[in-house]
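Number of protein chains: 2
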Amino acid sequence: MSQDIQTKAINTIRVLAADIVAKANSGHPGAPMGMAPAAHAVYTQMKFNPKNPHWINRDRFVLSNGHACALLYTLLHLFGYDLTMDDLKSFRQINSKTPGHPEVGIPGVEVTTGPLGQGISNAVGLAIAQANFAATYNKPGYTLSDNYTYCFFGDGCMMEGVASEAMSLAGHLQLGNLIAFYDDNKISIDGSTEVAFTEDVCGRLEKYGWDIFEVPDADTDVAAISEAIAKAKKTNKPSCIRIRTTIGYGSLNAGSHSVHGAPLKKDDIIQLKEKWGFDPEKSFVVPQEVYDFYHKISEAGAAAEAEWNKLFEAYQKEFPKEGAELARRLRGELPEGWQNVLPTYQPGDAAVASRKLSEVCLGKLQAVLPELVGGSADLTPSNLTRWSGAIDFQPESTGLGNYSGKYLRFGVREHGMGAIINGISAYGANYKSFGATFLNFVSYASGALRLSALSHHPVIWVATHDSIGLGEDGPTHQPIETLAHFRAIPNLMVWRPADGNETSAAYIKAISSTKTPSVLALSRQNLPQLSGSSVEKALKGGYVVHEVDNAKLILVATGSEVSLSIDAAKLLAEKGIPTAVVSIPDFFTFDQQPADYKLSVLPDGVPIMSVEVMATSGWAKYAHAHFGLNRFGASGKTADVYKFFDFTPEGVAKRGEQTFEFFKGKNLISPLQTPF
Amino acid sequence: MSQDIQTKAINTIRVLAADIVAKANSGHPGAPMGMAPAAHAVYTQMKFNPKNPHWINRDRFVLSNGHACALLYTLLHLFGYDLTMDDLKSFRQINSKTPGHPEVGIPGVEVTTGPLGQGISNAVGLAIAQANFAATYNKPGYTLSDNYTYCFFGDGCMMEGVASEAMSLAGHLQLGNLIAFYDDNKISIDGSTEVAFTEDVCGRLEKYGWDIFEVPDADTDVAAISEAIAKAKKTNKPSCIRIRTTIGYGSLNAGSHSVHGAPLKKDDIIQLKEKWGFDPEKSFVVPQEVYDFYHKISEAGAAAEAEWNKLFEAYQKEFPKEGAELARRLRGELPEGWQNVLPTYQPGDAAVASRKLSEVCLGKLQAVLPELVGGSADLTPSNLTRWSGAIDFQPESTGLGNYSGKYLRFGVREHGMGAIINGISAYGANYKSFGATFLNFVSYASGALRLSALSHHPVIWVATHDSIGLGEDGPTHQPIETLAHFRAIPNLMVWRPADGNETSAAYIKAISSTKTPSVLALSRQNLPQLSGSSVEKALKGGYVVHEVDNAKLILVATGSEVSLSIDAAKLLAEKGIPTAVVSIPDFFTFDQQPADYKLSVLPDGVPIMSVEVMATSGWAKYAHAHFGLNRFGASGKTADVYKFFDFTPEGVAKRGEQTFEFFKGKNLISPLQTPF
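If you're matching them up, the sequences are chains A and B in order.
Taking UniProt numbering, the leading residue of the first sequence gets 1, the next gets one more, and so forth.
Taking UniProt numbering, the leading residue of the second sequence gets 1, the next gets one more, and so forth.
Pulled out of the complex, with its shape left as it was, chain A reads as follows (with noise of 0.2 Å):
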């Protein structure tokens, strides 16, 4: 590689970076222009093809610190990916492709980065995934998969807890394939990292179990980075090579606060462009040089995937088998049949906790899916998500399972569970990733769900004990706010089902969705198994489960309260007011049906009223009243709990009959029906 070439390359990509900020007159130059260097020298090793950025066996990059993007979408400008030089000059405006943080969906972004300390766990679930596949499916002589996943931090993502979580996982995974760059620049938004972060960073990582490489000079020496790169690539442990940088290389301020967050001034970039041979008075130029050069890597790259392919066309014969399953995977497909293995139940069936229907539909769905993994933050035997037989995935050194397993250990993790699932679902190859813990604390992990939401990440949160019926453990543990909470979060399923056909249909849903995850909230307690419930119905997302002739109130419920409503309504009934019950386990799946199939659950003239032992936000949407918790619980035996609240047959009826009196006579209109 000439030294020339390399060096303008990267200068470039530092001039571009500040001028991508200063047209935007809004971003981050510093970092970018710090770690060009690193980013040239990893992206001039690394395997990809821009034309496919699809490709299973690329390497991956991850750029923790989302905000230094404009790094990023000039790199993927410059190796050919579809991100024009207008793409980059129109930065962080709206409807651009180059919004203020990288997403998912811009070619070559591998995932949504900004939120701190996300990326890095991220690349955690990246590198779990192609563990996983390469011990699945590589054989002797068909190394199908040895991609490995880089990731960039700064200080930021090091900071949060998240990234601690993720990282001493990784380390206890022993994840070779992993390699991060830990930006040391020593600089945050609140000026030197002395005045809060002045723990020994990588001491910290060698304790976790990474190894560590060390480039004292990152700013030019592009050798040392390489080399460190060599090394990383050869240890059993994940690699976190510390590159020391200055903030904002090349300008007039670098090194210091005032060029991280603001554009660079005119002048500056002016002395900037001069000094290392760019007109200065041209913006957004690349010497074609600089273009041949990134492209020839990409064209190796092309080349590799060409490999590939051939090699896994020999594959599909030698190993018809595996190499028809990884054929519909790659192809994002289910096997066909694939959901008739779940359950369903008849009105007889007995009463099942919904987190144990939920362990039986989890059993039948690994024996046909080689691509769902998953595991619990240290809840496994509260949260039954271990099927029988199940091998841990875990490096073979433990003797306790091998990368092939598909249950993972997450430990008491919740929040970096949930950006490694994220990760893992961003692999491809059709992933279905899930995590479980219960439902109250999948709230540790907001950071991360919301991310699986905005990222189109289609992963599964099996949260159980989903309720005040948990019971002993008490108010600390029992949600409350917490339904209200993810069914406001857009692009997020929240099942809530009642009984073993509600679980199936959730399962269905689940897996088969492509970009919607969903958390599915499920018992302690046993539920009855419903005479009115089908799977069929539940797919629907809401539905009357119990039905009555001219029905002059609608109770309308989720998972345990649905069974407590029905008993209700037959109290209801008893007293001269016909009662319906609806129940909805899913509110993301019933606003998709057609309206007047949810106008006929929930119709006009009828008084309804919810019926959920948590808060009773959200619920206006469906119903005119609301029986709910707005408060926090109790600790005490379910029962107790339960009738200390009046969540009682009797006490949802005296609440149902008093929204009957309230409402008779008043001309009623469903709340579906909504002015816009």
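These are computed hints drawn from the structure, not numbers from a lab.
Positions of the beta carbon are idealized from the N, C-alpha and C atoms, including for glycine.
Heads up, some of the hints might be wrong.
Said to hold, decoys possible - Facing chain B, according to a computed beta carbon distance under 7 Å, are these residues of chain A, among others:
no., residue
1, Glu160
2, Gly203
3, Gly363
4, His415
5, Ser443
6, Ser617
With chain A held as given, fit chain B onto it using these hints.
Below, chain B without anything else, positioned relative to chain A:
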């Protein structure tokens, strides 16, 4: 200390904890039995008075592994806190004083724990408060404050990111007054910690700047534990004493996962009692000499408090200014007229971003409130939380501040920050603690925020960049579900002020709150001073900000959408639809107003449309129709983003007109009218 009584006392703790869990048939006996010697060692050298659990200079004890609360309740009972044997017998029963996890409000419980990682992070806050308190009030010869904070934590806490964040900061801050015990019992719910947690925990803590002490046999070697405590008290760093314990020590299943979360079997308890000289036929028995022994410690604590009271009396004479201030703080009172320092605004005043209005409030308040301490999670220049002349809370050796400083540099550690400000609030002395970040990233701290509300810590979140109005940073940073989430949390104020007067009102309510935390959602962009606002009106949480005669439509809005709605109301008036505008800066406060006042603001007979640029969930309690944003935002200039989503006067007016037309002729009742 006689060895005999010591052993008897420790075994009493173990047997009692086993009895408690067995009677409840629910709970965790293993950790209490393993940690009993350490608990004994800590409590017998702590300074506290069970008759006055609020004495300000008491040593604090935090059980971060809150599931082991049978241990804590046992200790509190044995030492003479107001927790009877009957209370112990009703462990985990409805309405008992001994719920499934320790909650603030139980005498002797400092903070609510159970959600893992929170307690140790609260402990960091308690230690920060002590350091600040001592640096502020101690004088030569008058050591008013020298208490320690002790904390027990297990593997679960150490896996949680929130603990990593707080413990890293504790190391940076050199909190020598913090002594934590790591119960290294190698067991978590999934079995051995070998499956997920093989990092070098104490090595990591050392890299954070902690001192480590080891007790290889904490099952029996109480002297070694006491010695370690003595050493830990002498260092200028936070200390971690690693105690190797056997979970369920004494049980037939000691050391195994089976004693973690389930009661001991009957014959196991019998052999335990026989082995240790207790009557196997009897339960809940405490030898009188054990009571006597522990009560002596408590009496020494009471005497220490009496000494302290004398010292404080003398202090008040010698330092009348500080003495009076401190006496006021200890009474839990605010200085007279404190709220008069807050600014009021007139319609002619300049438009100002509410984050900037908040900056003015904080600057004024800190000058009169020595108890106001807080800071930002590395967003100081964006959150505008640091007042002119602020001193950073830092160890002097850093040269960056000192412990009397009131401004905290939290680093990018939102969850840790949330738990730390809870701990500061829990310290007492009227501490008013605040944390700051972007509104969207308060979600990273969901776990701590719900505990603020549950535990009645009146902490304050300064949450700027409160909507898509933050512009270019894009959807990763733009809150959508956030206010719906927070408003669904019981006992939480969620202020979104529309102008200067409302911002001052928000601070008045937040600072004067004694039991309810607050989130202040503040704009990045400028907001005009409204002609219809006043501090007095805003203190009601909701009011008519734009009155018209015979309103045919009401728009109800918060924050930046209030002025937008007023502009829309003017357009609607031109179209013949007289439209009033209501501002509801805080739902919680508005909900507490008298019914007739609320109904005067949102009366029957008029269609009401909510206007807020985020999820509409939760608005139905005030409005019949909703204009919001039930999708993720977009990256672009603020004005462009608002326009893209049609949040313009014309866009609001259009929907207002649709609402008016839709409900025309219908006999509408106010959404405030409900059946029950």
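Do the hints match the structure? See the list:
Because the beta carbon of glutamate 160 of chain A sits about 6 Å from the nearest beta carbon in chain B, less than 7 Å, this interface hint is met. The interface hint given for glycine 203 of chain A holds, since its Cβ lies 4 Å from the closest Cβ of chain B, which is under the 7 Å cut-off. With a cut of 7 Å, the hint placing glycine 363 of chain A at the interface with chain B is violated, because the nearest CB-to-CB distance is about 18 Å. Interface restraint check for histidine 415 of chain A: the shortest CB-CB distance to chain B comes to about 5 Å, inside 7 Å, so the restraint holds.
Look at serine 443 of chain A: its Cβ gets to within about 4 Å of chain B, closer than 7 Å, so that hint holds up. The closest approach between the C-beta of serine 617 of chain A and any C-beta of chain B is roughly 4 Å, which is under the 7 Å cut-off, so the hint is satisfied.
In summary, the one numbered hint that this structure violates is 3.
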